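A.B. asks: Given next are the chains, with one letter for each unit.
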Amino acid sequence: MTRHGRKPEETTLSVWQVIELARHQDRPYSLDYIRRLAPDFIELHGDRLSGDDPALVGGIGTWHGRTTVFLGHQKGRSLKERVARNWGMMHPEGYRKAIRLAHHAAKFRFPIVSLIDTPGAYPGAGAEERGIAAAIAAAIMEWFRIPVPIVAAVIGEGGSGGALGMGVADRVIMLENSIYSVASPEAAASIVWRDNARKVEAAEQLQLTSRDLLAMGVVEEVVTEPKGSAHVDHDAVATALDEALHRHMQSLLTQPTEDLLQHRYERFRYIDSLVHAEPQFGPKV
Amino acid sequence: MSALAKTAVELRIAGSKLPAIPLPTNCPGCGVALEIEALRKHNYVCDCGHHFRLGADAWIALIADRGSWQERWGDIRSHDLLNWKVPKPYQEVVEQLLEDGLNEAVRTGTCTLAGRPIWLAAFDFRFVGGTLSIVAGERLARGMEQASSSGIPYVLVSASGGARMQEGVLALMQLAKVNAALGRMHAAGVPYFSVLTDPTFGGTAASLALLGDINIAEPGAAIGFTGPRVIKQATYADLPPGFQSAEFQLAHGQVDLVLPRTELRRLLAHLLEMYP
Ligand SMILES: [Zn+2]
Numbered sequence: 001m002t003r004h005g006r007k008p009e010e011t012t013l014s015v016w017q018v019i020e021l022a023r024h025q026d027r028p029y030s031l032d033y034i035r036r037l038a039p040d041f042i043e044l045h046g047d048r049l050s051g052d053d054p055a056l057v058g059g060i061g062t063w064h065g066r067t068t069v070f071l072g073h074q075k076g077r078s079l080k081e082r083v084a085r086n087w088g089m090m091h092p093e094g095y096r097k098a099i100r101l102a103h104h105a106a107k108f109r110f111p112i113v114s115l116i117d118t119p120g121a122y123p124g125a126g127a128e129e130r131g132i133a134a135a136i137a138a139a140i141m142e143w144f145r146i147p148v149p150i151v152a153a154v155i156g157e158g159g160s161g162g163a164l165g166m167g168v169a170d171r172v173i174m175l176e177n178s179i180y181s182v183a184s185p186e187a188a189a190s191i192v193w194r195d196n197a198r199k200v201e202a203a204e205q206l207q208l209t210s211r212d213l214l215a216m217g218v219v220e221e222v223v224t225e226p227k228g229s230a231h232v233d234h235d236a237v238a239t240a241l242d243e244a245l246h247r248h249m250q251s252l253l254t255q256p257t258e259d260l261l262q263h264r265y266e267r268f269r270y271i272d273s274l275v276h277a278e279p280q281f282g283p284k285v
Numbered sequence: 286m287s288a289l290a291k292t293a294v295e296l297r298i299a300g301s302k303l304p305a306i307p308l309p310t311n312c313p314g315c316g317v318a319l320e321i322e323a324l325r326k327h328n329y330v331c332d333c334g335h336h337f338r339l340g341a342d343a344w345i346a347l348i349a350d351r352g353s354w355q356e357r358w359g360d361i362r363s364h365d366l367l368n369w370k371v372p373k374p375y376q377e378v379v380e381q382l383l384e385d386g387l388n389e390a391v392r393t394g395t396c397t398l399a400g401r402p403i404w405l406a407a408f409d410f411r412f413v414g415g416t417l418s419i420v421a422g423e424r425l426a427r428g429m430e431q432a433s434s435s436g437i438p439y440v441l442v443s444a445s446g447g448a449r450m451q452e453g454v455l456a457l458m459q460l461a462k463v464n465a466a467l468g469r470m471h472a473a474g475v476p477y478f479s480v481l482t483d484p485t486f487g488g489t490a491a492s493l494a495l496l497g498d499i500n501i502a503e504p505g506a507a508i509g510f511t512g513p514r515v516i517k518q519a520t521y522a523d524l525p526p527g528f529q530s531a532e533f534q535l536a537h538g539q540v541d542l543v544l545p546r547t548e549l550r551r552l553l554a555h556l557l558e559m560y561p
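Line order of the protein sequences matches chains A and B.
Mapping the first sequence onto my numbering, position 58 (from 1) lands on 58, and the numbers just tick up by one.
Mapping the second sequence onto my numbering, position 199 (from 1) lands on 484, and the numbers just tick up by one.
Looking at chain A on its own, in the form it has when it is part of the complex (with noise of 0.2 Å):
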């Protein structure tokens, strides 16, 4: 397997062992960036219609000297965490409380930073009935017209609608060892081949790791994580986070309102390009 633009001891890690990575229950979640980052991090509950969803977290934190709307998908270590997280998987109640929170953002003129990390968004009876798609339509709709700055970066997972409805935003960074997919693979596996044992072929032929999705202009940087993958220093890993949202947060800080709503209109219309764009332009499989 080659690969463009990847140096030569980046090619160690197959496309299945990154993913492993991505879901290590050592990697650092949401609130173990959050923490770091804002450590007055005050978390605000609820969407103000019906629930609270506590695959979503959201607050407030002073970030750099700045008061920061940060929204990120929780996942659990423990068991009982996981289930109480839902594993970081949305139902209607959570993208209905980032809206709600993304426009206290607005009012405040905070920006707004969010972390996302959740294999999809919930695929049950009860999101259904409640109107989950509907709820990541409307959210995705929203957030370009959310006047403040939003960087959103991948963490661990990105997965499908349920990762895209957190993942408008005016910089879209990712850590190394993440991924960002139209489908998880063992749902890609699942479509193509109606078997999902046939997940490390799906994931092979997705192209979703955090290389691939610089390589087709998805994403505008991938941060570098510490040797061994972002469980074994979360420290490390955090500071680097850090310095990169930090960084792209600086450059939309300065920018007049109806600049930044355009530019974000753009940076997803892009895609424009690309019906042109050489065919198999993307990294080989």
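Please note that a few of the clues may not be correct.
[Unchecked claim] Using 25 Å as the maximum straight-line C-alpha spacing, the simulated SDA-like pairs for lysine to any residue come out as follows:
1) A:Lys199 / B:Arg401
2) A:Lys199 / B:Lys370
3) B:Lys373 / A:Arg198
4) A:Lys80 / A:Ala138
5) B:Lys373 / A:Asp195
6) A:Lys80 / B:Gln381
7) A:Lys80 / B:Pro372
8) B:Lys302 / B:Arg550
9) B:Lys517 / A:Arg35
10) B:Lys370 / A:Glu204
11) B:Lys370 / A:Glu201
12) A:Lys199 / B:Thr520
13) B:Lys370 / B:Glu380
14) B:Lys302 / B:Arg427
15) B:Lys370 / A:Lys80
16) B:Lys517 / A:Gly124
17) B:Lys373 / B:Thr520
18) B:Lys517 / A:Lys107
19) A:Lys199 / B:Val378
20) A:Lys199 / B:Ala522
21) B:Lys517 / A:Gly217
22) B:Lys517 / A:Trp87
23) A:Lys107 / B:Lys370
24) B:Lys370 / A:Gly217
25) A:Lys80 / B:Tyr521
26) B:Lys373 / A:Ile191
27) B:Lys370 / B:Gln381
28) A:Lys107 / A:Leu79
29) A:Lys107 / B:Ala472
30) A:Lys199 / B:Ala519
31) B:Lys517 / A:Ile191
32) A:Lys107 / A:Arg35
33) B:Lys370 / A:Gly124
34) B:Lys517 / A:Asp32
35) A:Lys199 / B:Ala473
36) B:Lys517 / A:Leu79
37) B:Lys370 / B:Leu387
[Claimed, not checked] Label pairs and their in silico Cβ distance ranges:
38) B:Lys326 / A:Gln17: 31 to 41 Å
39) A:Arg194 / B:Cys315: 25 to 35 Å
40) A:Glu243 / B:Lys370: 37 to 47 Å
To be clear, the hints were calculated from the coordinates, so they are not data collected in a lab.
This one's a predicted model, so the numbers in the text were calculated from it and none came from an experiment.
For glycine and all other residues, C-beta sits at the position ideal for the given N, C-alpha and C.
Start from chain A and add chain B with the ligand according to the hints.
C.D. replies: Using the frame of chain A, we list chain B with the ligand on its own:
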């Protein structure tokens, strides 16, 4: 629909005759042997209420006034960006479908409906499951951008499995691209009528299909985010009969109307009068 039928304008201009579609010998709804020509005149709706799936060509014929359809951006084509080889090379799949006379999972253009100009976009489930691709997203977004500047109402007919797997995360990004354009269209005050047909799922449901000013679903259409097979696999849930049907979505507040296809043209014409 009787109240509306009384007040609706007389339609002076008719849609076109619908194209022939492959049909089973008996209706899956009632089991009765199908009379093809009678069914065709009835917009492919059986007397029992079963709605047969239509392709984009049939939707255009059904909605557009005869001779008014002007297709836009029909020449932009999908191609394999990710070197997708399984189970069949994506490039071959696309080329075969083009040879079969299908032109992408979304076709878009302008036409009139009862004499009033509209933008019309129709998904085609026969093209890779009506999946949202870069080209599909592009046609949708460009039409919405033009509708935003001209103020002409936008009508969507969806039938889609979601984002197109073979275009990877680039297909996922179409949800954002399309919804960005949709947000501008809403801000510009352009009426947007969304017709949801069987099936509308995944990224298409989670982007433009459920964000109409008025959402109209066909009776019995399956509409949702996650398909029932995946829900059962993931949660071992027993799904009740009618789960994710148009009627279910009406009861759960996601659509405004469940309307037979035979009434659709009349309703849209009436709406265009009410949202000038
Ligand atoms: Zn029948």
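A.B. asks: Against this structure, judge whether each hint is valid.
C.D. replies: Hint check:
1. Annotation: proposed proximity of Lys199 of chain A to Arg401 of chain B is violated, straight-line Cα distance about 50 Å (limit 25 Å).
2. Taking the CA atoms of Lys199 of chain A and Lys370 of chain B, the gap is near 15 Å; set against the 25 Å cutoff, the hint holds.
3. Our distance criterion of 25 Å between C-alpha atoms is met by Lys373 of chain B and Arg198 of chain A, whose separation comes to about 15 Å.
4. For a cut-off of 25 Å, the pair hint linking Lys80 of chain A to Ala138 of chain A is broken: about 31 Å separates their Cα positions.
5. The straight-line distance between the Cα atoms of Lys373 of chain B and Asp195 of chain A is roughly 16 Å, inside the 25 Å bound, and the hint therefore holds.
6. Restraint check for Lys80 of chain A and Gln381 of chain B: not satisfied, since their Cα atoms lie roughly 50 Å apart, outside the 25 Å limit.
7. Between Lys80 of chain A and Pro372 of chain B, the direct Cα distance comes to roughly 39 Å. Violation of the 25 Å bound is thereby established for this hinted pair.
8. Proximity of Lys302 of chain B to Arg550 of chain B is assessed by CA-CA distance (about 13 Å); at most 25 Å being required, the pair is judged to hold.
9. Distance check on the hinted pair: Lys517 of chain B and Arg35 of chain A sit about 37 Å apart at the alpha-carbon level, beyond 25 Å; violated.
10. Between Lys370 of chain B and Glu204 of chain A the CA atoms are separated by roughly 11 Å; this keeps the pair inside 25 Å, and the hint holds.
11. Pair hint Lys370 of chain B plus Glu201 of chain A holds up; C-alpha atoms about 11 Å apart against a cutoff of 25 Å.
12. For a cut-off of 25 Å, the pair hint linking Lys199 of chain A to Thr520 of chain B stands: about 19 Å separates their Cα positions.
13. Restraint check for Lys370 of chain B and Glu380 of chain B: satisfied, since their Cα atoms lie roughly 14 Å apart, inside the 25 Å limit.
14. The hinted pair formed by Lys302 of chain B and Arg427 of chain B fails the criterion: a straight-line CA distance of about 28 Å is larger than 25 Å.
15. Distance restraint check for Lys370 of chain B and Lys80 of chain A: the Cα-Cα separation of roughly 41 Å exceeds the 25 Å cut-off, and the hinted pair is therefore not satisfied.
16. With a C-alpha separation of about 8 Å, the suggested pairing of Lys517 of chain B with Gly124 of chain A holds against the 25 Å cut-off.
17. For the hint linking Lys373 of chain B to Thr520 of chain B, the alpha-carbon distance of about 31 Å lies beyond 25 Å, and the restraint is violated.
18. Taking the CA atoms of Lys517 of chain B and Lys107 of chain A, the gap is about 42 Å. The hint is violated against a cut of 25 Å.
19. Pair hint Lys199 of chain A plus Val378 of chain B holds up; C-alpha atoms about 22 Å apart against a cutoff of 25 Å.
20. With a C-alpha separation of about 23 Å, the suggested pairing of Lys199 of chain A with Ala522 of chain B holds against the 25 Å cut-off.
21. Under the criterion of a C-alpha separation no larger than 25 Å, the hint pairing Lys517 of chain B with Gly217 of chain A is inconsistent with the structure, at around 36 Å.
22. Between Lys517 of chain B and Trp87 of chain A, the direct Cα distance comes to roughly 17 Å. Compliance with the 25 Å bound is thereby established for this hinted pair.
23. Taken as a hint, the Lys107 of chain A and Lys370 of chain B pair is broken in the structure, with Cα atoms around 49 Å apart against an allowance of 25 Å.
24. This hinted pair checks out: Lys370 of chain B and Gly217 of chain A have alpha carbons roughly 22 Å apart, not beyond 25 Å.
25. Of the supplied pair hints, the one linking Lys80 of chain A and Tyr521 of chain B holds, its CA atoms being roughly 20 Å apart against a limit of 25 Å.
26. Distance restraint check for Lys373 of chain B and Ile191 of chain A: the Cα-Cα separation of roughly 13 Å lies within the 25 Å cut-off, and the hinted pair is therefore satisfied.
27. A hinted pair counts as satisfied when its Cα atoms are at most 25 Å apart, and Lys370 of chain B with Gln381 of chain B qualifies at roughly 15 Å.
28. Of the pairs offered as hints, the one joining Lys107 of chain A and Leu79 of chain A is violated, with about 38 Å between alpha carbons and a cut-off of 25 Å exceeded.
29. Under the criterion of a C-alpha separation no larger than 25 Å, the hint pairing Lys107 of chain A with Ala472 of chain B is consistent with the structure, at around 19 Å.
30. For the given pair, Lys199 of chain A sits about 16 Å from Ala519 of chain B by alpha-carbon distance, which is consistent with the 25 Å threshold.
31. A hinted pair counts as satisfied when its Cα atoms are at most 25 Å apart, and Lys517 of chain B with Ile191 of chain A qualifies at roughly 15 Å.
32. Between the alpha carbons of Lys107 of chain A and Arg35 of chain A the distance comes to roughly 24 Å, so the proposed pair stays at or under 25 Å and holds.
33. Distance check on the hinted pair: Lys370 of chain B and Gly124 of chain A sit about 31 Å apart at the alpha-carbon level, beyond 25 Å; violated.
34. Taken as a hint, the Lys517 of chain B and Asp32 of chain A pair is broken in the structure, with Cα atoms around 33 Å apart against an allowance of 25 Å.
35. Of the supplied pair hints, the one linking Lys199 of chain A and Ala473 of chain B is violated, its CA atoms being roughly 44 Å apart against a limit of 25 Å.
36. Taken as a hint, the Lys517 of chain B and Leu79 of chain A pair is honoured in the structure, with Cα atoms around 22 Å apart against an allowance of 25 Å.
37. A C-alpha spacing of about 21 Å is found between Lys370 of chain B and Leu387 of chain B, which places the hinted pair at or below 25 Å, so the restraint holds.
38. Distance hint check for Lys326 of chain B and Gln17 of chain A: the Cβ-Cβ separation is about 60 Å, which falls outside the suggested range of 31 to 41 Å.
39. Checked against the hint of 25 to 35 Å, the C-beta distance between Arg194 of chain A and Cys315 of chain B comes to roughly 30 Å, which is consistent with it.
40. Taking 37 to 47 Å as the suggested C-beta distance range, the pair Glu243 of chain A and Lys370 of chain B conforms, at roughly 39 Å.
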